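Colleague: Protein sequences, first through last, are from chains P and V.
Each residue of the first sequence is one higher than the one before, starting from 1 at the first, in the working numbering.
Each residue of the second sequence is one higher than the one before, starting from 1 at the first, in the working numbering.
Source of the hints: derived by calculation from the structure; they are not laboratory data.
No experiment lies behind these values; they were computed from the predicted model shown.
Any given hint could turn out to be false.
Not close to chain P: a few residues of chain V, all C-beta gaps over 10 angstroms, as computed [as the list claims (entries may be wrong)]:
no., residue
1, 20
2, 45
3, 57
4, 68
5, 122
Derived Cβ-Cβ restraints for the label pairs, each shown as a range [as the list claims (entries may be wrong)]:
no., chain 1, residue 1, chain 2, residue 2, range
6, V, 13, P, 198, 17 to 27 angstroms
7, V, 149, P, 144, 35 to 45 angstroms
8, V, 69, P, 207, 57 to 67 angstroms
9, P, 74, V, 10, 49 to 59 angstroms
10, V, 111, P, 24, 52 to 62 angstroms
11, P, 190, V, 111, 34 to 44 angstroms
12, V, 111, P, 141, 51 to 61 angstroms
13, P, 9, V, 16, 24 to 34 angstroms
14, V, 10, P, 160, 49 to 59 angstroms
15, V, 66, P, 255, 30 to 40 angstroms
16, P, 286, V, 114, 49 to 59 angstroms
17, P, 239, V, 66, 47 to 57 angstroms
18, P, 215, V, 61, 39 to 49 angstroms
19, V, 114, P, 285, 40 to 50 angstroms
Just so you know, even glycine gets a beta-carbon here, dropped at the ideal spot from N, CA and C.
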Amino acid sequence: MRLGRVDVPGEHEARERTWAVVRAAFGEREPAPARPRRLLPAVALAVLAAAVAAAVTPPGRAVVDRVREALGVETAEQALFSLPAGGRLLVVSDSGAWLVSRDGSRRRLGDYRVAACSPFGRFVAAARERELAALEPDGEVRWTLARNGITDVAWGGTATDTRIAYLAGGTLRVVAGDGTGDHALGPADGFRWLPGARHRLAVIAGRRTTVVDADTGAVVAREPLLAPRSSHIRQAGGTSRIVVGRDVRFEGSGTFRDATPSPDGRWLAFVWPEVDQLVFVTASGRRELEATANLTNQFDAVDTPHLADWCPAAE
Amino acid sequence: MSDERAWVRGAQRGSVGDLESLFRAFWPRAFRAAYLVVHDAAAAEDIAQESFLAAIRSLDRFDRRRPFGPWLHRIVVNRAIDWTRARRLRAEAELAAEVPAPEPPDPDGRALLEGLAALPPEHRAVIVLRHLLEYTPGEIAELLDLPRGTVNSRIRRGLDRLGEALE
């Protein structure tokens, strides 16, 4: 194989043009500051006082957090350079569905409006106006199914036998992971796969929640203990909190949404629309915080993108 | 590797000289890899340039313990695949008429390029990563987030089709 010796037209000129651009960009870059450079004096004093308090007491830590978090996570990166845990983030914006790899590289999967990962992260189920599709992580389409009005999708099951459940026009439907056996289960407002090898769904319809066998549609149980997806978010009086058990992991002004655990369970990611940030906080133990700003721009969106899933690393 | 780390460290501290060393060491292969996937010198220049600019933007946060090359090549190859897919959606015939690709002077090189061009972009990418950038299948799997079996089969199928094209 002689790929290294293939003549590439204009290589030298291209190199010098690129070097000029790269050098200019390097000259304009702003190294990450160790601390904010232009704080107003009053804010600076508040931060200093809070820092002193934090050094002494746990409540002081909370004071620091409030000062810092009133306007978003101060240390937020300007771009999503990396994920704090393994797997891939599945983000849906008004420009389509995107997969973000651990190193921060992004791939647009297509013009999809809802999406979810397969249980082992090897595929993505995604839907647009008139189509449900199963995709490879690189966006290659494995199969499609023509359906109108898909508003939610979730992929459940085991490594060898999976099902995709989706809401289309207010009807809950289920199809096997290979695109076969599509069938309707009935009207629903929401649903969630239940853990375990049996294909069972918790289905919300009106004010009732039932457990349904996804293959037969038989009702297995009524009113299960169903945790909503954002069970880690508490909102009260204009303040939102990320809560794990009784432990408040993060607090800030405004609303949080799409709280999603990492595949290893060590981190929680959530969207903070008011400050256009995606925030990661450790779910237990020592509190660590990472965030990325400019979420809307990063995903070529007009409205704040949604975090659809944190997919396991494909085996 | 030690040079590479020193250059990254120097560039992080603001040294233009170290940045230039890094650029001159890594740009040729980045550009060549992009070209061999997209088969368009102008697009390859854009892709390699954008990838280096992405590197500059995140230089302060780059972990010096990690090798720079795989990180850069991952960006380059993924962007090249995206560009090729997007191009397939446009009117290729019209584009080809407007922007004729210059032919390489070397007939063997031309045959190789034509053979590569006939492959799907995903197969081109793994061939380039394996035989230009000399990554192992395991490393390619990691770079492209693909199962190793998929990488192996793409390399095998790609080489088979390339062999047929060169016969």
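Colleague: Has the hinted range 49 to 59 angstroms been met by the Cβ atoms of residue 74 of chain P and residue 10 of chain V?
Modeller: Violated - the Cβ-Cβ distance for residue 74 of chain P and residue 10 of chain V, about 29 angstroms, lies outside 49 to 59 angstroms.
Colleague: Does the hinted range 49 to 59 angstroms hold for residue 10 of chain V and residue 160 of chain P at CB?
Modeller: 51 angstroms, holds
Colleague: Run the C-beta distances from residue 45 of chain V to all of chain P and say if the shortest one exceeds 10 angstroms.
Modeller: Check fails; 4 angstroms does not lie beyond 10 angstroms.
Colleague: Looking only at beta-carbon atoms, does the pair residue 9 of chain P, residue 16 of chain V fall within the given range of 24 to 34 angstroms?
Modeller: 29 angstroms, holds
Colleague: Check the following: the C-beta atoms of residue 286 of chain P and residue 114 of chain V are separated by a distance inside 49 to 59 angstroms.
Modeller: 57 angstroms, holds
Colleague: Is the Cβ of residue 20 of chain V more than 10 angstroms away from each Cβ in chain P?
Modeller: 7 angstroms, violated
Colleague: Quick check on a hinted range of 34 to 44 angstroms for residue 190 of chain P and residue 111 of chain V, using CB atoms only.
Modeller: Violated - the Cβ-Cβ distance for residue 190 of chain P and residue 111 of chain V, about 58 angstroms, lies outside 34 to 44 angstroms.
Colleague: Is 40 to 50 angstroms right for how far apart the beta carbons of residue 114 of chain V and residue 285 of chain P are?
Modeller: 57 angstroms, violated
Colleague: Taking the beta carbons of residue 239 of chain P and residue 66 of chain V, is their distance inside 47 to 57 angstroms?
Modeller: Because 39 angstroms falls outside the window, the suggested range is violated.
Colleague: Over 10 angstroms to the closest beta carbon of chain P is the bar; see if residue 68 of chain V clears it.
Modeller: 12 angstroms, holds
Colleague: Quick check on a hinted range of 39 to 49 angstroms for residue 215 of chain P and residue 61 of chain V, using CB atoms only.
Modeller: With a Cβ separation near 48 angstroms, residue 215 of chain P and residue 61 of chain V satisfy 39 to 49 angstroms, so the hint holds.
Colleague: Does the Cβ-Cβ separation between residue 66 of chain V and residue 255 of chain P fall within 30 to 40 angstroms?
Modeller: 36 angstroms, holds
Hint compliance for this structure: hints 1, 2, 3, 5, 6, 7, 9, 10, 11, 12, 17, 19 are not met, and every other hint is.
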